[in-house]
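Trainee: Start from the sequences and build out the full structure, keeping to the hints where you can.
Protein sequence lines, in the order shown, are assigned to chains D and U. Going by full-length UniProt numbering, the first residue of the first sequence is number 1, and it counts up by one from there. Going by full-length UniProt numbering, the first residue of the second sequence is number 1, and it counts up by one from there.
Take the hints with a grain of salt, since some may be wrong.
Below are the DSSO-like pairs computed for lysine-lysine, each with C-alpha atoms no more than 30 Å apart in a straight line [unchecked claim]:
{"hint": "1", "chain 1": "U", "residue 1": "LYS58", "chain 2": "U", "residue 2": "LYS76"}
{"hint": "2", "chain 1": "D", "residue 1": "LYS101", "chain 2": "U", "residue 2": "LYS177"}
{"hint": "3", "chain 1": "U", "residue 1": "LYS9", "chain 2": "D", "residue 2": "LYS101"}
{"hint": "4", "chain 1": "D", "residue 1": "LYS234", "chain 2": "U", "residue 2": "LYS104"}
Hints were generated in silico from the structure; no laboratory data involved.
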Amino acid sequence: MSTRPGLRLTLFLLLAPAVLWLGLLIVLPHVEILILSFSERVAPRIYVFGFGNYLEFFTEPLYWRTFARTAIMSILVTALTLVLAFPIALYIARVAQGRLKAMLLLLCLLPFWVSELVRTLGWMMLLRETGVVSHGLQAIGLTGERIEFLYNDGAVILGLVYGGLLFMIVPLANALESLEPAVVEAGFDLGGSRWIVLRRIVVPHAMPGIVAGSIIVFMLTVGNFATPVLLGGKNGLWFTEQIYAQFITRFNWPQGAAFGMLLLLLSSAIVWAGLRLTGQSLGTTLKQA
Amino acid sequence: MTRPSLAWKLYIAAFYIFLFAPLLVVAIFAFNASPFPSPPWKGLTLEWFIGSGETFGKPGVLVDPIWLDSIANSFKVAAPVALLAVAVGTVNAWVLERAEFSGKALLSMMMLWPLVIPGVVLGISILAFFSRVANGLEEWLQTDLDFLRPGLPLVILGQLSFILTISTLIIAARLRKFDRSLEEAAFDLGASRARVLRTITLPFLSPALIGAGLVALLMSFENFNTTLMLVGSEPPLPITMYGQMREGATPAINAVSLLLMLGVGGIASIFALTAKPER
Numbered sequence: 001m002s003t004r005p006g007l008r009l010t011l012f013l014l015l016a017p018a019v020l021w022l023g024l025l026i027v028l029p030h031v032e033i034l035i036l037s038f039s040e041r042v043a044p045r046i047y048v049f050g051f052g053n054y055l056e057f058f059t060e061p062l063y064w065r066t067f068a069r070t071a072i073m074s075i076l077v078t079a080l081t082l083v084l085a086f087p088i089a090l091y092i093a094r095v096a097q098g099r100l101k102a103m104l105l106l107l108c109l110l111p112f113w114v115s116e117l118v119r120t121l122g123w124m125m126l127l128r129e130t131g132v133v134s135h136g137l138q139a140i141g142l143t144g145e146r147i148e149f150l151y152n153d154g155a156v157i158l159g160l161v162y163g164g165l166l167f168m169i170v171p172l173a174n175a176l177e178s179l180e181p182a183v184v185e186a187g188f189d190l191g192g193s194r195w196i197v198l199r200r201i202v203v204p205h206a207m208p209g210i211v212a213g214s215i216i217v218f219m220l221t222v223g224n225f226a227t228p229v230l231l232g233g234k235n236g237l238w239f240t241e242q243i244y245a246q247f248i249t250r251f252n253w254p255q256g257a258a259f260g261m262l263l264l265l266l267s268s269a270i271v272w273a274g275l276r277l278t279g280q281s282l283g284t285t286l287k288q289a
Numbered sequence: 001m002t003r004p005s006l007a008w009k010l011y012i013a014a015f016y017i018f019l020f021a022p023l024l025v026v027a028i029f030a031f032n033a034s035p036f037p038s039p040p041w042k043g044l045t046l047e048w049f050i051g052s053g054e055t056f057g058k059p060g061v062l063v064d065p066i067w068l069d070s071i072a073n074s075f076k077v078a079a080p081v082a083l084l085a086v087a088v089g090t091v092n093a094w095v096l097e098r099a100e101f102s103g104k105a106l107l108s109m110m111m112l113w114p115l116v117i118p119g120v121v122l123g124i125s126i127l128a129f130f131s132r133v134a135n136g137l138e139e140w141l142q143t144d145l146d147f148l149r150p151g152l153p154l155v156i157l158g159q160l161s162f163i164l165t166i167s168t169l170i171i172a173a174r175l176r177k178f179d180r181s182l183e184e185a186a187f188d189l190g191a192s193r194a195r196v197l198r199t200i201t202l203p204f205l206s207p208a209l210i211g212a213g214l215v216a217l218l219m220s221f222e223n224f225n226t227t228l229m230l231v232g233s234e235p236p237l238p239i240t241m242y243g244q245m246r247e248g249a250t251p252a253i254n255a256v257s258l259l260l261m262l263g264v265g266g267i268a269s270i271f272a273l274t275a276k277p278e279r
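Mentor: Right under this line is the structure:
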C-alpha cells in the first residue's frame, strides 16, 4: 500500500475505534488496577506504594484458602466436564447421522442460549430442601424427611459442570469430526481393543479439541460468580466473591485490585500452561471453539 | 465404533434429560398457584404473569414495576451495545482483513485478549479506571460527571469491552470470504467508493452484521459478572434476578425466566433463519 497522506488518514481513522476500545477499556483499566494493587492506605485519602495488599493475601488464611479452593475445584470441574462430554461429542461426531446429528447438536446449544441465572434457578428448584428432587424422593417413599441437596460442594460442582458442558462438547465434536473412519478400523484390524483404539487413536486425534474445551471451561469456571454463590450459599467460597466483597461491600479497592490481579494471573497461568503442555497457540485454540 | 452399545445410548438419553431438567422445572413452576417456587403443585394459574397481587400478595411480572423497570434497563443497555458492537466491529474487521500496517499482528492478538480476562476483573478494572478519570476531571472542570460513576453508561462500556471481540470475529470471518473481484468490477464500471460499499460490500456482509448484532444483544442481556461490578441504582434484569434469588423469590421469577427463554428462542430462530441462505 502506498503512503499517500490521504491513505494514511484513512488508516488512522479506521484504526481509531480499535485503539480507543483496547486502550480505554482494556489496557489503561488494567494498568490502573495494577497500580492500585500496589498502593497502601497510610491515612485517610493518602496512599503510598507497597506490597501490603499481597502480603495480606498470604497471611490471611481465608483469602489464600479460598484462592486455592477455587483453583483446585476449577481443575476438578474441568476434568469432570471433559469426561462427561467426551461420549456425547463422540456420539454426535461419529455415530449420529444427518438430521439426528443436527438435532442433537442444536439441543446441546439451546440451554446455553438461556441466561446463566435461569439455569441456576432451575438447579436451586431441583436441589433445595423443599425442591423437586427431595419432594420426589419422599413421594416414592425412599425417604421420610426432606433432604437438602443445596449449599454444599457437590451442588457447586454440579452447577459449574452443567455450565461448562457446551463449551467442551462443541470443540470436541469439531475435532472428532475430522477423524478418518479408516484409521479407527485399522486400529481394530491390528487387534486393538476398544479401549486401546480409544486411547491411542481417538483421544490423540481429539487433542486440539480437548485443549480448547478445557481452557475455555477452566476460564469460565474460575471467573464464575453466580453459580458458586447461589448453589453454595455460605459454603460457596469462590474467589470472585472475595473480589466483589472488597470492591463493593468493604470499599477496599486496593485489596480488591490485588485479588483481581491474582485471579487474572491464575487464569492466564493455567491457560498458558495448558497451551505449552500441548504445543497449541491461543489463536488456533479460540478458533476451535 | 459406528454401532453404539445400549449403555452408550442410555447415557446419551440421560444426558439430555440432565440438560433440560432445570429449564423444564423453571418453566413448569411459573404456572404454579403457590406463593413459593417449589412443589407441591397447587394448580394452574397465570397470576405470576398478569396477576395484580390480590391472590398471593405479590404481583405478576407484567404488572410489577420492579421487573418492568429491570427489563427496560436491560434494553437501555443492550440496544446501544448491539449497535456499537456492529458499527465498531465492522471497522475492526476491515482493519484486520484489508489494511496493511506494521503492528497488525499485535493488534489482532490484543483484540482476542478480552476473551481470556475474567468478567469480574474486566468489571473492577473499568470501575477503578473511570473513577480515577472522573475524580481528575471533576476537580479540573468543577462539575459532576455522573456517567463515569457506576450506572448504565458504565455497564454499556463494560459489556462492550468483550462483546466487541465477538462482533469483530464474526464480521471478519464473513469479510474474509468476500470475492474482491466483485468490488473491482464495480469500480471498473465507474461506481464511487461509497456506492460500491453500499451496493456490493455491505449487502454481502449483512448476514454477519445481523448475526453479530443479535449475538451482542443476547450477550448484553444475559451478562452478569461484568455488569454486577458496574451497576448503579438502575439494575438490569440479571442483577434483579440475582437479588431475588438470594432473598428467596416468588414464582414471578419463574415467569420472568420463561419470558426470557421465549425471547431467546425467538432470537435464536431469527438467527437460524438468517444464517441458512449463506450456505
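Trainee: To test your reading of the hints: which numbers does this structure violate?
Mentor: The structure breaks only hint 4.
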